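Required output: the full structure, derived from the provided sequences and hints.
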Amino acid sequence: MTLDWWSPLFVGQLSLAGTAFALAFVVELTVPASRNRSWRALGFNLVAAFVFLYLTTLLVPPVSAALEPLRARLGHAIPIRFPDGQIGSILQTLAFFATFDFFFYWWHRGQHRYAWLWTQHRFHHQERWINVTTVHRYHFTEELFRLFVIYLPMGILFDFKPVTVTWFWSMFTLWGYWIHMNVRAELGPLGRWVSGPQFHRLHHTPEHGDRNYAAFFPMWDRLFGTYRHADRGVFPAITGVTAATDGNTLYEATLMPLIEWCRSLGRALGRAARASTDP
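Last residue of the sequence shown? That's 294 in the working numbering, and every number before it is there in order.
Be aware that one or more of the hints could be misleading.
[Unchecked claim] Computed spacing ranges between beta-carbons, pair by pair:
1. 182 with 46: 21 to 29 Å
2. 179 with 208: 39 to 47 Å
3. 289 with 185: 48 to 56 Å
4. 52 with 89: 43 to 51 Å
5. 240 with 182: 15 to 23 Å
Treat the hints as calculated values from the structure; they're not laboratory data.
Since we're looking at a predicted model, the values are computed, not measured.
Just so it is clear, CB atoms sit at the ideal spot from N, CA and C, and this is done for glycine as well.
Shown next as structure tokens:
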């Protein structure tokens, strides 16, 4: 396993994020869902995005490469095949992201249910002024975990043909920027089937943090009982977990979950040691 300390992948991801942020800022200032904002928090999010993109592009590729022999050895149990051509490629893309979203839904739901995962995910939900920069307000270990709980099982179970309609694929890869935007965009009845900023904004409120886990397709929330449809014109101004601080420290963006996990492990080992010595 080798590390490329300043990779072209990082530069490309940074350029993509910068362009997406700049375009989204214009829209957010024009038709904001909420005018509540903190420029200081926004500046911190840009720093956190740099840290997140750097560490994930540094660590994820070598770990993914290390898992590749396992994926290849176990093979693909279910081939997903659509006709060649543009329509087939679009259907292939939809099938891939619907499958991804199924695994993501359960992973995301688990992050909110289990304390040791919430320790990792809480940083994302401490955002009190949700906006496009929230998309990269994650602890870098989340991407490493996703390799094991999303991409590895997907690679073992399914075989997808390469997608040839690149613009359609690119649209979905940019979806995270879209759903985190602080923009007054309503999808109406379509919002029951396709996620948008209003759907995901509810997930970031204290009242509905246990709803709307899907990233792309709310059908998973509807199927498993966690769907909350936003009423017309409703864009809550208050986001973030109950009694959240700004969460705007590099400690919380980098070391905090690791230290909390070590403390939890130490407590568990201490309890086990005491139990083994009790008469």
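Check the structure against each numbered hint from earlier and tell me which ones fail, lowest number first. Structure breaks hints 2, 5.
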